[in-house]
Structures are given as structure tokens and as C-alpha cells.
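Trainee: The primary structure of each chain is shown beneath.
Protein chains: 2
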Amino acid sequence: MGMREDPKTWFAESVEVLTYNRNQRVWSIIVTIFGDLAQRPGDRISGAVLSRLTEPMGIKPEAMRVALHRLRGDGWIQSEREGRASHYSLTESGLAQSRAASPRIYQRSLDTPEAWQLSVAPPARQGGKGARDKAMRRKGVLPVAPGVFLTSAQAETVPDSLTMVGIVDHVPDWLRHKIAPAPVMLAYEDLEIALDRFAAKCEAMPPLGPLQIATLRTILVHVWRKALFSHADLPPHFFPEGWKGPACRSKALDLLDRLGRPELAVLEQAGASP
Amino acid sequence: MGMREDPKTWFAESVEVLTYNRNQRVWSIIVTIFGDLAQRPGDRISGAVLSRLTEPMGIKPEAMRVALHRLRGDGWIQSEREGRASHYSLTESGLAQSRAASPRIYQRSLDTPEAWQLSVAPPARQGGKGARDKAMRRKGVLPVAPGVFLTSAQAETVPDSLTMVGIVDHVPDWLRHKIAPAPVMLAYEDLEIALDRFAAKCEAMPPLGPLQIATLRTILVHVWRKALFSHADLPPHFFPEGWKGPACRSKALDLLDRLGRPELAVLEQAGASP
Numbered sequence: 000m001g002m003r004e005d006p007k008t009w010f011a012e013s014v015e016v017l018t019y020n021r022n023q024r025v026w027s028i029i030v031t032i033f034g035d036l037a038q039r040p041g042d043r044i045s046g047a048v049l050s051r052l053t054e055p056m057g058i059k060p061e062a063m064r065v066a067l068h069r070l071r072g073d074g075w076i077q078s079e080r081e082g083r084a085s086h087y088s089l090t091e092s093g094l095a096q097s098r099a100a101s102p103r104i105y106q107r108s109l110d111t112p113e114a115w116q117l118s119v120a121p122p123a124r125q126g127g128k129g130a131r132d133k134a135m136r137r138k139g140v141l142p143v144a145p146g147v148f149l150t151s152a153q154a155e156t157v158p159d160s161l162t163m164v165g166i167v168d169h170v171p172d173w174l175r176h177k178i179a180p181a182p183v184m185l186a187y188e189d190l191e192i193a194l195d196r197f198a199a200k201c202e203a204m205p206p207l208g209p210l211q212i213a214t215l216r217t218i219l220v221h222v223w224r225k226a227l228f229s230h231a232d233l234p235p236h237f238f239p240e241g242w243k244g245p246a247c248r249s250k251a252l253d254l255l256d257r258l259g260r261p262e263l264a265v266l267e268q269a270g271a272s273p
Numbered sequence: 000m001g002m003r004e005d006p007k008t009w010f011a012e013s014v015e016v017l018t019y020n021r022n023q024r025v026w027s028i029i030v031t032i033f034g035d036l037a038q039r040p041g042d043r044i045s046g047a048v049l050s051r052l053t054e055p056m057g058i059k060p061e062a063m064r065v066a067l068h069r070l071r072g073d074g075w076i077q078s079e080r081e082g083r084a085s086h087y088s089l090t091e092s093g094l095a096q097s098r099a100a101s102p103r104i105y106q107r108s109l110d111t112p113e114a115w116q117l118s119v120a121p122p123a124r125q126g127g128k129g130a131r132d133k134a135m136r137r138k139g140v141l142p143v144a145p146g147v148f149l150t151s152a153q154a155e156t157v158p159d160s161l162t163m164v165g166i167v168d169h170v171p172d173w174l175r176h177k178i179a180p181a182p183v184m185l186a187y188e189d190l191e192i193a194l195d196r197f198a199a200k201c202e203a204m205p206p207l208g209p210l211q212i213a214t215l216r217t218i219l220v221h222v223w224r225k226a227l228f229s230h231a232d233l234p235p236h237f238f239p240e241g242w243k244g245p246a247c248r249s250k251a252l253d254l255l256d257r258l259g260r261p262e263l264a265v266l267e268q269a270g271a272s273p
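Going down the list, the protein sequences come from chains A and B.
Letter 258 of the first sequence, counting from 1, is numbered 257 in numbering that gives the first Met the number 0, and no numbers are missing.
Letter 92 of the second sequence, counting from 1, is numbered 91 in numbering that gives the first Met the number 0, and no numbers are missing.
Keep in mind that a hint or two might mislead.
Identical chains share a label here; the pair holds if one copy fits it or two copies do between them.
Subject to a maximum C-alpha distance of 25 angstroms in a straight line, what follows is the list of computed SDA-like cross-link-like pairs (lysine to any residue) [said to hold, decoys possible]:
1) K225 to P235
2) K177 to P121
3) K250 to L109
4) K133 to W173
5) K138 to R80
6) K128 to T8
7) K59 to E79
8) K128 to D42
9) K138 to E79
10) K128 to K177
11) K177 to G139
12) K59 to K250
13) K138 to D5
14) K128 to R175
15) K128 to L185
16) K177 to P239
Since the hints were made in silico from the structure, they are not lab data.
From just these sequences and the hints, can you work out the full model?
Mentor: Here is the structure:
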């Protein structure tokens, strides 16, 4: 305390603090890396840099290869070989999806729609209904009841729905708890604790290398994104009392600003040295 | 044809034409009679008149007694004895419910709400949901999906619902067919045929007694009310192509105007004579 810490220890401890959430999927980490560092067309990241970024998180080269293979199969990323090096970049579709998710992750204040849309999808068989609700959830849309969706007025809905555009002036408690059930509320509390602990560490941040910075960014964005995508994209007054969403948003973004974002060229240079 | 018909034959045939719908419940006929003839506080109808009105429909005195007993038990009507005669009248609650139903039955043109309300009731167990939907249907409200109701903006909804007030600019086909499924569409076609046949008979209407007029009114209001309360109270653009609702409304109300409404005192006088 007070004394400047050893960078290596500081970095290891920070990684430890931020990876409180053990359930990390490698492919999802890679999606986070590209979304955070390589979202301009033409941006690419070498296999060497990807390994250097993920190694401190305890990700093994073999797991990395499997995940890259899967993401290539899904059409999310593409690869080019140059001599013995592989370079990866987002595909058209990967870029588009990554960009679509970015505002929700990186914006300081969310645009709160004034007008809402409640839409009732055409009747479907039991199975079809479940699949439809799941697909809408993936888009950040809340099924208020089976086949009934609450979105901003401009959002796309299931074709042939009954839609009503208007104002939501009262959000009943049962709906708040549906929007953020107990596990989501708890996940945010855990996130806030981790963010506070990391913020405390940052008070005595030692000089870090660009790869270390990028690794910390990745973990930070990843836990934030994970919390964020566990619930629908709705403004704070739709959530239960004690909702930590806005607090976590501002804390996560403050920490990302504090870390800064290293340039890809700088990362590649650092990645090339042993 | 052309020649004035025998009143007795004409009346019997008219009753026949209008009672095409055999499924008449006696208690429901009585509700219709009071709603049509005795809706002012203080209005009362003697047992003798009730018998004279319903006898041409083939309703037996015993069935009448059972129905009156049931309606008294339900708190819909009350009775007073005067010597050997019984007089029946609507209770407070019977009056209120009767009045609440009247605009939908007797108004020439329905007030079409500009603003609608889509409300999503709090989650309920399977059984509770069904009961709730049924209760709302009885109020003329459509369950668009289980627990989801479409009403005018001013209407009362299930407590603690998520409600959204706005405009409905497109009514999808699946919803139109949910609002008026095939049996409802067919019932209206049958009704229109009966109304047209009765209107044709009315071209040569003989002089009728007040009891005969009241009987015809009762049957007419009853079949109209029965059709009407088989679907939600929504304006024509919510119904499938070929919807006969507005046509039947204007035809039924024209015929009621044509018949006129006999005064209760006149009916009692006629009922007292053998």
C-alpha cells in the first residue's frame, strides 16, 4: 500500500479480481477481443497476439485453436496465412454483429426510447413459441409473456404481429422481476464488487505493457458484456429496486477509459517479441 | 301476398322465423325481457305478463318458475306479492348490469375508441389464466393471447397488468379470425337471414296486440344479444372480411323501431284480461 507494486504481481492480481466469474467460454472471449480491438474493416490480429492476450487468463493453445476453428466455421472470423503466421479478422457478418452489439456495451448513457411497442406474435405451436421467444431474447428483447414482446417503437418484431405503439407509464413488480430475476441481480452485485476491487487496485497502477492492458480490457469487457446480455435492453425504471445496471455501466466504462485502448500495430509489435 | 294476413298466423310465423336459434335458455329470455321493457327503477312486471310473453315461444310455466327462482337466487331480480299476483323487478345489481349491457345492444353506431389498450396480466398458473380469460370474455374483452387483453383505453384491466395505450393501425388476419371464428361468422349469417325474413313479413304487418309486440321484441332482442355477446366488443375493422355485424345491427334496430315498445302499464292491462 502506498508503495508502487511489482507490475507482474499487480497484473496477476488484477486478472484474478476480474476473472471472478469462472465460466468463460474461449470463443466468447475471442468475440470480445475482436469487438474491442479490431472492429474496423481491415483490422486483423495475429495468432501470436491472440495467444499472448489469452494466456494470462489460463486459456491453453489447444482450446484457442478449437475456438478459432469454431468461429471460422460459424462465419464470424476469417484467417489468412503469411508465412508461418496466421492473421484473423472479423468477416462482414462478424463485423456487422459486433457493431450492432457495441452501443449497448460502450455507450455512457443509453438512448431511452420514449415510445414503446408491445407486440403479440401470431399463435404458434408450443415448441415454435419457445424457439421464437429464445430468438428474441438473443436480440435483447424481452418476452413479457409467451409470444408477447416489449421493444422500442422502432424495433423490428415478429412478422404479422399485432403491434401497439405507446407509452409505458407503470412497470408492475412482477415484470421487473421477470426482466431481472434474482440470479441477474446477484450477478450484477458480484460484478460491482469486482469492478470496485479493480478500481481500488488501479489507484496504484504500475506501468503496463500494451498486451497486459489489452488482456485486462478483454476480461473487463467480457464480464461486463456477459452481465449485460443476460437481460433485455431496457432503461433502469424497468428493473427491480436496487438495480446495479447504471452503476456498473459507469464503473466499467471508467475503468476502460483509465486503461486506454492500445493500437493493433503496437500490440503486434509487442506480440512479435518473446 | 298483397292481401293482409290473418294476425294469428302472421304472429305465429314471425315467432317461427325469429326463433330459428333453438338454443334459448329461459333465464336468459327473462333477462332480455327486463332489459328491454323494465330498465327504469320502479319498473316491475307481473308473473301473468311474463307468462303471456313467453308462452308463444313454447316456454312452459314450470320452466318459467325455475328460471325466476334461479334469477332471484342470483340476486338479479326480486319479487313482491300482491294478493295472488307476483310482481318482479330488477335488483340494484340487475339494473346496473342490464344498463351496462344496453349501449352495446341498442346503440345505432358504436363509439369506436381511437385509443386502445393492450394489457398483459401478471403471470398466473395454467388454471388461473383460463378463468381470468373467461371472466374477461364475459365482459366483452378479447384475450389476444393468454392473459393479454385488447380493450379501449379507458377500460378496466386485470390489476397489476403491464398496460400500453396507443393506436392499432393494422389488425393481422390471425387476430381477425380469433375475434370472430367461423361459428361466429355463420351465426351472423343465420341472424341476417332471419332478420331479412322477418323484415319481409313486416311489409304486411297486421294490427298486433301489445303482448304480441312485446313477445316479438323479446325474441328479436334475444337473438341479437346472443350473437352480439358471442364476440368481443370491437369495431368492424377488427373482424374478418364479410363481417355481418354492422348490417345485423342496423337491421335489428330498424325492426325494433318498427315494432315500437309497449308501455308496461299497457302490457299489464292486456295481461290481466284473459
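Trainee: None of the hints should be skipped; say for each whether it holds.
Mentor: Quick rundown of the hints versus the structure:
Proximity of K225 to P235 under the C-alpha cut-off of 25 angstroms is restricted to the intra-copy arrangement: shortest distance 18 angstroms within a copy versus 48 angstroms between copies. Taking the closest pair of Cα atoms, K177 and P121 come within 25 angstroms of each other both inside a single copy (22 angstroms) and across two copies (10 angstroms). For the identical chains of this complex, K250 and L109 are intra-copy neighbours only, at 15 angstroms inside a copy versus 56 angstroms across copies, given an alpha-carbon limit of 25 angstroms. Taking the closest pair of Cα atoms, K133 and W173 come within 25 angstroms of each other both inside a single copy (20 angstroms) and across two copies (22 angstroms).
In this assembly of identical chains, the alpha carbons of K138 and R80 never lie at most 25 angstroms apart, being 34 angstroms within a copy and 70 angstroms across copies at closest. In the homo-oligomer, the alpha carbons of K128 and T8 never lie at most 25 angstroms apart, since the shortest distance is 51 angstroms inside one protomer and 58 angstroms across protomers. When the C-alpha separation of K59 and E79 is checked against a cutoff of 25 angstroms, the pair qualifies only within one copy, where the shortest distance is 22 angstroms, while the shortest distance between copies is 92 angstroms. Taking CA atoms no more than 25 angstroms apart as the test, K128 paired with D42 passes in neither setting, with 39 angstroms inside one copy and 53 angstroms between copies.
When the C-alpha separation of K138 and E79 is checked against a cutoff of 25 angstroms, the pair qualifies neither within a copy, at 31 angstroms, nor between copies, at 67 angstroms. In the homo-oligomer, the alpha carbons of K128 and K177 lie at most 25 angstroms apart both inside one protomer (18 angstroms) and across protomers (18 angstroms), since each shortest distance falls under that limit. Taking the shortest alpha-carbon separations for K177 and G139, only the intra-copy value of 14 angstroms comes in at or below 25 angstroms, while the best inter-copy value is 29 angstroms. For the homomeric pair K59 and K250, neither the shortest alpha-carbon distance inside one copy (30 angstroms) nor that between copies (81 angstroms) is at most 25 angstroms.
Within a single copy, K138 and D5 get their C-alpha atoms no closer than 43 angstroms, and across copies no closer than 74 angstroms, so neither meets the 25 angstroms cut-off. In the homo-oligomer, the alpha carbons of K128 and R175 lie at most 25 angstroms apart both inside one protomer (22 angstroms) and across protomers (20 angstroms), since each shortest distance falls under that limit. Proximity of K128 to L185 under the C-alpha cut-off of 25 angstroms is found in neither arrangement, the shortest distances being 29 angstroms within a copy and 30 angstroms between copies. Proximity of K177 and P239 under a CA criterion of 25 angstroms is satisfied intra-copy only: 9 angstroms inside one chain copy versus 35 angstroms between copies.
Hints 5, 6, 8, 9, 12, 13, 15 from the list above are not met by this structure, while the remaining hints are.
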